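Trainee: Sequence:
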Amino acid sequence: MARLPAEFRYEYQSELDQLSRRRFYVWAVCGLVFWVAALCLLAGRLVAAALNILPLDILAHLETGMPALKAVLSGVVLMAGLAYARRRTIGHQQVLQITFWTLVTVAAISATVDVTRRWFVETNIGFLAMWSSHLFACLILPLSARQAVRPALAMLLLWMVASVINPAETGLVAFPSGALIFNALTFVPGLIVCAIRTSAFGRQFEKRMLEHSYSMFSHELFDARRIHEALFPDPIEDGSFRMGFKQRPRAGIGGDLLHACLQPVAANDDGQPARDRLHLVVLDVGGDGIAAALTVNRYFGEIERLYAEHPDLNPAEFINRLNRYSALTMAPIGVYAVAMCIHLDTDGTMRWSGAGHAPALIRRADGTVEEVPSTTWPLGASKEADPENQSRSTTLQAGETLLMYTDGACDYPDADGSRLGYHGLRKLISRVPMGQAALRWPDTFLGLIDQHRETYPENPHEDILIVAVELAAERSLKTPGRYDTVTDGLAIGSGDDRTPVTVSDTESVAVEPRTSFERKEEP
Numbered sequence: 004m005a006r007l008p009a010e011f012r013y014e015y016q017s018e019l020d021q022l023s024r025r026r027f028y029v030w031a032v033c034g035l036v037f038w039v040a041a042l043c044l045l046a047g048r049l050v051a052a053a054l055n056i057l058p059l060d061i062l063a064h065l066e067t068g069m070p071a072l073k074a075v076l077s078g079v080v081l082m083a084g085l086a087y088a089r090r091r092t093i094g095h096q097q098v099l100q101i102t103f104w105t106l107v108t109v110a111a112i113s114a115t116v117d118v119t120r121r122w123f124v125e126t127n128i129g130f131l132a133m134w135s136s137h138l139f140a141c142l143i144l145p146l147s148a149r150q151a152v153r154p155a156l157a158m159l160l161l162w163m164v165a166s167v168i169n170p171a172e173t174g175l176v177a178f179p180s181g182a183l184i185f186n187a188l189t190f191v192p193g194l195i196v197c198a199i200r201t202s203a204f205g206r207q208f209e210k211r212m213l214e215h216s217y218s219m220f221s222h223e224l225f226d227a228r229r230i231h232e233a234l235f236p237d238p239i240e241d242g243s244f245r246m247g248f249k250q251r252p253r254a255g256i257g258g259d260l261l262h263a264c265l266q267p268v269a270a271n272d273d274g275q276p277a278r279d280r281l282h283l284v285v286l287d288v289g290g291d292g293i294a295a296a297l298t299v300n301r302y303f304g305e306i307e308r309l310y311a312e313h314p315d316l317n318p319a320e321f322i323n324r325l326n327r328y329s330a331l332t333m334a335p336i337g338v339y340a341v342a343m344c345i346h347l348d349t350d351g352t353m354r355w356s357g358a359g360h361a362p363a364l365i366r367r368a369d370g371t372v373e374e375v376p377s378t379t380w381p382l383g384a385s386k387e388a389d390p391e392n393q394s395r396s397t398t399l400q401a402g403e404t405l406l407m408y409t410d411g412a413c414d415y416p417d418a419d420g421s422r423l424g425y426h427g428l429r430k431l432i433s434r435v436p437m438g439q440a441a442l443r444w445p446d447t448f449l450g451l452i453d454q455h456r457e458t459y460p461e462n463p464h465e466d467i468l469i470v471a472v473e474l475a476a477e478r479s480l481k482t483p484g485r486y487d488t489v490t491d492g493l494a495i496g497s498g499d500d501r502t503p504v505t506v507s508d509t510e511s512v513a514v515e516p517r518t519s520f521e522r523k524e525e526p
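When we follow the numbering used here, the leftmost residue of the sequence shown carries the number 4, and every step to the right adds one.
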């Protein structure tokens, strides 16, 4: 089965070995049954002659006894092969060898007995014994047509030798060419049986393996998706921020990632009060499926490390470091990604930097849509940082919504294949009701995108991730930070230690060891 994948060949060979062992024992036992029957026939005639039930006719006894002798000798050969197989753990190749030599030996015995019998009696059995033993093996043993040809050729050669010694016995005298062709054609039915059965066995095996592989792949994909989804944060439903998101991977698991964490920021000497900061990173790896998901996991680890070791990085510095990581580890294997990093404070200050990512959008309170574009090239395009990449800033007020998305939303086709596009996506924003909560934005917006496609909305063209963020109408200072406490870019305390941070002369803020929301964990 050369067409089988490499991972199936071991299972195919193992199953073929087991089948060959079982069938060989059946074949050998059936041959022994025939041998016992021949012995009983010979013994019956001898007993009858001894009791004078049958006349003592030497030629008649030879006529019956010679085939019986042939059966006895063939039975001895079968017993020898069976004993050899019982002492060893045989596989398909060993069964082929034992079968070949057994058939050839039985054929040699048959040819010898037939030629010898010709000297005593007039008979014309010829090729029947050889042909029947070969056909019997083809009917029981799992032989391919090519494997069955070898003993057939050996038997045909023995028959030709017997024909030279005793041409009258084999029929070669009257029709030399016709007898040779006829006896060669007698092997064809056995070869056809072997070819059909081998093909059927291969198809059944391949079907079972594909079903097993699909079942195993589905189970592992389910586990992989569970682990992949655990990378995403829970929606933020309380505190100073509201955040909701919706992902729809194309192949059950994809290359989109949302990383979010809360961080307390202490007051500084410029008079800015203590506040919370929401770090957001949306990342889109080129491609989709398992390969993209594996890449996302690597990026997630690097993002976690950067925020843990350098919590004071501004968005541009963060993108530059993530680009360096991508250029050193992902670009050499041809994997690239785009990303958008946004820092949003409770006072509405928003800073961002984007690496080739689709522009984020802000729907203002008056219904206008403002673009938040990328500031540098995609991740991995260069090992050096972009000297022109600088963090940009704007403000987000209560009642305004920040929308982040991956390019799968723009590439979403309809039944005719036309893309929604960036401008079409912006138009859809105006159809979202004013005052829509951020937690409901992704579902509503994705529903509008689905309306663009008339059929199969559950089978997107690419991975889709939609994130909506807004400030809570009533904001309160919460400081359970996951990473170090910073004061406008300067780390002054550890998030793992409960350290008071001076906010003013009269108040302080304690830093808790955990975030205000936990990561999603599947049971």
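Think of the hints as simulated: they come from the structure by calculation, not from any bench. Predicted, not measured: the structure shown is a model, and the values here were computed from it. Heads up, a few of these hints could be off.
Claimed, not checked - Below, computed lysine to aspartate or glutamate pairings styled on DMTMM-like, alpha-carbon distance capped at 20 Å:
| no. | residue 1 | residue 2 |
| --- | --- | --- |
| 1 | K210 | E373 |
| 2 | K210 | E232 |
| 3 | K249 | D369 |
| 4 | K210 | D237 |
| 5 | K249 | E232 |
| 6 | K249 | E18 |
| 7 | K386 | E305 |
| 8 | K249 | D237 |
| 9 | K430 | D389 |
| 10 | K249 | D453 |
| 11 | K430 | D414 |
| 12 | K430 | D350 |
| 13 | K249 | D20 |
| 14 | K430 | E373 |
| 15 | K386 | E320 |
| 16 | K249 | D410 |
| 17 | K210 | D389 |
| 18 | K210 | D410 |
| 19 | K430 | D453 |
| 20 | K430 | E387 |
Trainee: For K210 and D389, compute the direct alpha-carbon distance and say whether it is at most 20 Å.
Mentor: Violated. K210 to D389 sits at ~54 Å, over the 20 Å cutoff.
Trainee: Tell me if the straight-line CA distance from K210 to E373 falls inside 20 Å.
Mentor: 55 Å, violated
Trainee: Take the C-alpha atoms of K430 and D389, compute the straight-line distance between them, and say whether it is at most 20 Å.
Mentor: Violated, because 32 Å separates the two Cα atoms, which is more than 20 Å.
Trainee: Are the Cα atoms of K210 and D410 separated by 20 Å or less?
Mentor: Status violated; Cα separation ~38 Å.
Trainee: Below or equal to 20 Å on CA atoms is what counts here, so check K386 against E305.
Mentor: Holds, at roughly 16 Å.
Trainee: Take a quick look at whether K430 and D350 sit within 20 Å of each other, Cα to Cα.
Mentor: Cα-Cα ~29 Å, so violated.
Trainee: Is the hinted pair K430 and E373 satisfied, with a Cα-Cα distance of at most 20 Å?
Mentor: 12 Å, holds
Trainee: Do the alpha carbons of K249 and D453 lie within 20 Å of each other, as the hint requires?
Mentor: 13 Å, holds
Trainee: Holds or violated: are the alpha carbons of K386 and E320 at most 20 Å from each other?
Mentor: 14 Å, holds
Trainee: Sort out whether D20 lies within 20 Å of K249, counting only the CA atoms.
Mentor: Violated, because 51 Å separates the two Cα atoms, which is more than 20 Å.
Trainee: Would the hint linking K210 and E232 be met if the CA-CA limit is 20 Å?
Mentor: Since the Cα atoms of K210 and E232 sit roughly 32 Å apart, the hinted pair is violated (cutoff 20 Å).
Trainee: For K249 and D237, compute the direct alpha-carbon distance and say whether it is at most 20 Å.
Mentor: 11 Å, holds
Consistency with the previously given hints fails for numbers 1, 2, 3, 4, 6, 9, 12, 13, 17, 18, 20, ordered from lowest to highest.
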